[in-house]
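Start from the sequences, fold in the hints, and give me the full structure.
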Amino acid sequence: MIALELLWLVPALPLAGAVVNGGLSLFGRRAGRGVVSAVGIGVLALAFALALAIVLELAHAHPGETIVVRYWSWIPVGTLQVDFALQLDSLAALMMLIVTGVSTLIHVYSAGYMHDDPGYARYFAELNLFVFFMLTLVLGASFPVMFVGWEGVGLCSYLLIGFWYNEKINADAGLKAFIVNRIGDFGFLVAMFLIFQHTGSLSFGDVFARASTAFTPGDRAITAITLFLFLGCTGKSAQIPLYVWLPDAMQGPTPVSALIHAATMVTAGVYLVARCSVLYALSPVGSLVVAGVGVATALFAATIGLKQWDIKKVLAYSTISQLGYMFLGVGSGAYVAGMFHLTTHAFFKALLFLGSGSVIHAMHGAYHATHSHEDAQDMRNMGGLAKYLPWTCGLMWIATLAIAGVPPFSGFFSKDAILAAAFARGASEPVWYLFWGIGLAAALCTAFYMTRLMLYTFHGPNRTGEPERANLREAPWIMTGPLVILGILSAAGGVLVLRLSTWLEPVTRAARALAPEHELSRHTEWTLAGIAVLVALAGMVGAWRLLDPARLVPARQSPPERGLGRLLWKKYYVDEIYQAVIVRPIVWFSREVLWHVVDEDVIDGIGVNGVARLSRAAGWIGSRLQNGELGFYVMLFVVGVVLVLGATVR
Amino acid sequence: MLLGPSLLVSAVLFTLGVAGVLIRRNAIVIFMCVELMLNAVNLTFVALAQTLGVGGQIFVLIVMAVAAAEAAVGLAIVLAIFRHRETVNLQNINLLKG
Amino acid sequence: MPPTLVVFWVFAAAAIGSALLCITRRNTVASALWLVVTLFDMAALFVMLDAQFIAVLQVLVYAGAIMVLFLFVIMLLNLGPGTASDVKGPAGLAVATLLAAAFGIQLLALLRSGPPAAAAGDMARTVQSEGMVGAVARPLFTVYLVPFEITSVLLLAAIVGAVVLAKRQL
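Those sequence lines, one after another, are chains R, B and P.
Numbering follows my numbering, with no gaps: position 162 of the first sequence is 162.
Numbering follows my numbering, with no gaps: position 88 of the second sequence is 738.
Numbering follows my numbering, with no gaps: position 151 of the third sequence is 899.
None of these hints come from the bench; they were simulated from the model.
Incorrect hints may have been included.
[As the list claims (entries may be wrong)] Straight-line alpha carbon distances no greater than 30 Å define the calculated DSSO-like cross-link-like pairs of lysine-lysine that follow: (1) R:Lys-168 <-> R:Lys-570; (2) R:Lys-570 <-> R:Lys-307; (3) P:Lys-915 <-> B:Lys-747; (4) R:Lys-387 <-> R:Lys-307; (5) B:Lys-747 <-> P:Lys-836; (6) R:Lys-387 <-> R:Lys-168.
None of these values were measured; they are calculated from a predicted model.
The following block contains the structure:
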C-alpha cells in the first residue's frame with residue numbers, strides 16, 4: 001500500500017536530481033565530480049528501487065488492475081477535463097522498470113565515460129531531466145500528460161545531442177532532431193483533437209472504454225486517428241519518413257545514444273501504439289500501415305547498415321531497423337511480442353552502444369596520446385581490438401548473437417514471436433506473408449552487418465597504427481561493469497517470454513477482444529523458428545566468409561565507394577533528397593514570401609508604416625484645411641449645411 | 651393664398667444670399683449678403699404669420715433688432731481690422747492660418 | 749390670375765432681380781444700393797401679407813438705418829471701385845455656384861411638403877379689429893414682454909461693443 005502512494009516519487013526523484021545538478025552546473029564551480037555523480041546516479045538508483053517495490057506491490061496486491069492516481073486538475077475547460085494524473089498498469093510498470101533500470105546502468109557508465117568533460121554537471125542534469133520526462137511519458141494517465149513527456153524527451157534529446165554545442169555539426173544535429181520530431185508531434189496533436197472530438201475525453205481510461213461505441217471499426221475517423229498517431233511515432237521512433245534525425249543524433253555522447261536513441265526515447269512510439277491497442281484493433285488499415293511501414297523501415301535501414309563505416313552509424317541504422325520490427329509486432333496485433341522485443345532490444349542495443357563507447361574511448365585515448373587526428377569512430381581505423389579490449393569484445397559478441405536472433409539469447413525469442421505473428425495473419429490477408437518475407441530478409445541483413453561490425457572492429461589485423469597500439473587498453477570497471485549486467489540480461493532475457501504474455505494480458509485483453517489473434521499450429525511455429533535461425537546463421541557465416549578484414553585500409557587512405565555500395569553508404573541519398581525537395585523550397589518560401597513580402601512589405605509596409613503614412617496624410621489634409629481664409633471656412637460651413645440637409649431631405 | 655409663392659421667393663432670396671457669401675471677397679459685401687439672408691427669413695416668418703398667428707411678426711421685429719445690433723458690432727470689427735491691415739479683402743486677412 | 753397675385757409677383761421679381769444685382773456688382777456702393785432696392789421690394793411684399801407695421805419698420809429701420817450705416821462705413825473706409833480681386837476667380841465661382849445650386853435645390857425640395865393648411869385671413873381679421881399697430885403691439889407688450897426687454901439689453905450691449913471696438917485707443 002505504501003509503495004503505490006509514492007508513485008509520484010519515481011518521476012520526481014530524477015527531476016530533483018536534474019534541478020540540483022542544473023544548479024551545480026550553473027553556480028557550483030567548486031563542486032567536485034563526486035557530488036554530481038552521487039546525486040545523478042543516486043536519484044536514479046533510488047527511483048529504480050522504488051519502481052521495483054511498486055511493481056512488486058502491484059503484482060501482489062492488485063494483480064491485473066489499473067491504478068490511476070490523480071494529483072491535481074490541470075485543464076478544466078468546458079467539457080474537457082484533463083488532470084495531472086499517473087497511471088500504473090502492467091504495461092506502464094514494464095516500461096517504468098526498463099527506463100529506470102537501464103538508465104541507472106547508463107548513468108554509472110557515464111560517470112566513467114564523461115569523466116574528463118568540463119560539462120559534467122550539465123550532462124547529468126540533462127540526463128536526469130530526460131529520465132523524468134520519459135517517466136512522465138510512460139506513467140501518464142491521459143494523452144496530454146503523455147504529450148508533456150513526449151515533448152520533454154524531445155527537448156532533452158535536442159539538448160543532449162548538441163551537448164558539445166561549440167561545434168556546428170553537433171548543434172545542427174540537435175536542431176534536426178528537434179525539428180523532425182515536431183513534424184511527428186503535429187500528427188500526435190491532430191490525433192488528440194480527433195480523439196476528443198469523437199470520445200469527449202482525453203484520459204486513457206475513458207477513451208478506451210468508449211472506443212468500441214464511439215467508432216465503427218474500419219471507418220474514416222478511427223483510421224485517421226491511428227494514422228496521425230503513427231505519424232507521431234515515425235517522428236519519435238525514427239521510422240520512414242521521419243527517421244533521418246537518428247543517424248545524425250550520433251553526434252552526441254555515446255551514453256546518450258545508448259539511453260535515448262536505443263533503449264528508451266525511441267521506444268516511446270512503440271509504447272504509444274501498444275497503449276492505444278484498442279484503437280489500432282478497431283482500424284485494420286491503421287494496423288496494416290503501422291506494420292507495413294515498420295517492416296519496410298526494418299529492411300531499408302538494414303541495407304544501409306551494410307555499408308556504413310562509422311561504428312555508431314551502423315548501430316544507429318540497426319536501431320531504426322529493430323524499431324521497425326517492433327512496429328511490425330504491434331501492428332500485427334501481437335502487442336506482447338512487440339513489447340518483448342522492446343525489452344530485449346533495450347538490453348542488447350544499450351550493451352552494443354556502451355560497448356562501442358568503450359571502443360571509442362580506447363581509440364580516443366590512443367589518438368590523444370600520439371596527438372593524432374584520425375577518426376576514432378571509423379571501423380577502418382580499428383581491427384584486432386579483441387586483444388586489447390577482451391571484455392568489451394566478449395560482451396558485444398553476446399549482444400550480436402542476441403540481435404541476430406540466435407537461440408538461446410533473448411533476441412531470438414522476441415524476433416521469432418514477431419515474425420510468427422506476422423505469418424499467422426497471412427492466413428486471412430496474404431499481404432502479411434510479404435511482410436514476413438521482408439522481415440526475414442531484414443534479419444539476414446541484420447546478422448550480416450552485425451557480424452561485419454564485430455569482424456572489422458575486433459578481429460583481423462589492427463589498422464590503428466603502431467604508436468597508438470601501445471595506448472589501447474580496456475575501459476575502467478565503472479564502464480565495463482554495466483556492460484556485464486546488460487550482457488547477462490541480453491543472454492538470459494529470453495526467459496521473460498514465459499511470463500510476459502500473462503503479465504501484459506490485462507492490458508491487451510480489450511484489443512484482443514476486438515480483433516482476435518490468429519493461431520498457428522505447433523508445427524508451423526517450430527518450422528518458422530527454424531527458418532529464422534537458419535537465416536540468422538546464414539547471415540553470420542556469410543559475413544564471416546565473404547568479408548576479408550585484411551583487405552581494409554585505414555580510413556584516410558580508403559578509396560571511395562562505387563556503385564551499389566556507394567548508394568548504400570550514402571544512405572540512398574535520402575537526406576539530400578529531403579534537402580532539395582522539402583528544405584530548400586521551405587527556406588526559399590520563408591525568406592522570399594514570408595519574410596520579404598509578408599513581413600517586410602505587408603506587415604511593416606502596410607501595417608506599421610502605412611498607418612503612420614495615413615496619419616501623416618490626414619494631418620496634411622487637416623493643415624491644408626486651416627488656411628486662415630474666412631471665405632474658405634464659410635464655404636466649408638455651407639458644404640456642411642448642404643450635407644445635413646441632404647441627409648434629412650429624402 | 652400668398653403663402654406658397656412667398657415661401658418660394660424666400661427660398662430663392664436665401665439661396666442668393668448664400669451664393670453671395672460664397673462668391674464675394676469683400677468683407678462688407680459679405681455682410682450685406684448676410685442681411686439679405688436675414689430678410690429672406692423675415693419674409694418666411696411674415697408669410698406664415700398670416701395663418702399661424704402674430705408671433706411670426708413679433709419674431710420679425712426681434713430679428714430686425716438683432717440684425718441692427720449685429721451690423722453695428724460687425725462693422726465696428728471691420729473698421730478695426732481695416733485700421734491694422736489697410737484691406738477688407740478676406741484673402742489678405744488670414745492670421746488664423748495654420 | 750387675381751390682381752393681388754400679379755402685384756405680388758411683380759414685386760417678388762423685382763426683389764429677386766435686385767438681389768441678384770446686389771451680389772454681382774463690383775462696386776461696393778452699388779451693391780449696397782441694390783440691397784436697399786431689394787429691401788423696399790420686400791416691404792411691399794410685407795404689406796401684401798398683412799404685415800403693414802412690419803413693412804414700415806422695414807423701411808424705417810432696415811433700409812433707413814442699417815443700410816445707411818453700411819454706406820457710412822463704406823465711405824469711411826474709402827474703398828475705391830471694386831478691385832479685380834474682389835470677386836473670386838473662376839474656380840471659386842464654379843464651386844460657389846455649385847454649392848448654392850445644391851442648397852437651393854434642397855430648399856425647394858423641402859418646400860414640396862407644403863405649408864400647413866389653415867384658414868387664411870387670420871391675420872387680416874386681427875388687423876381689422878385692433879388696427880395695424882395694435883395687432884403687433886398688444887402681444888409684444890403682454891405675451892412677448894420678456895423677449896422684448898432682453899432685446900433692449902442686447903441693443904445696449906451692441907452699442908457699447910461697437911463703441912469699444914471702433915475706438916482708436918481704448
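Mind listing which of the numbered hints don't hold for this structure, in increasing order? 6
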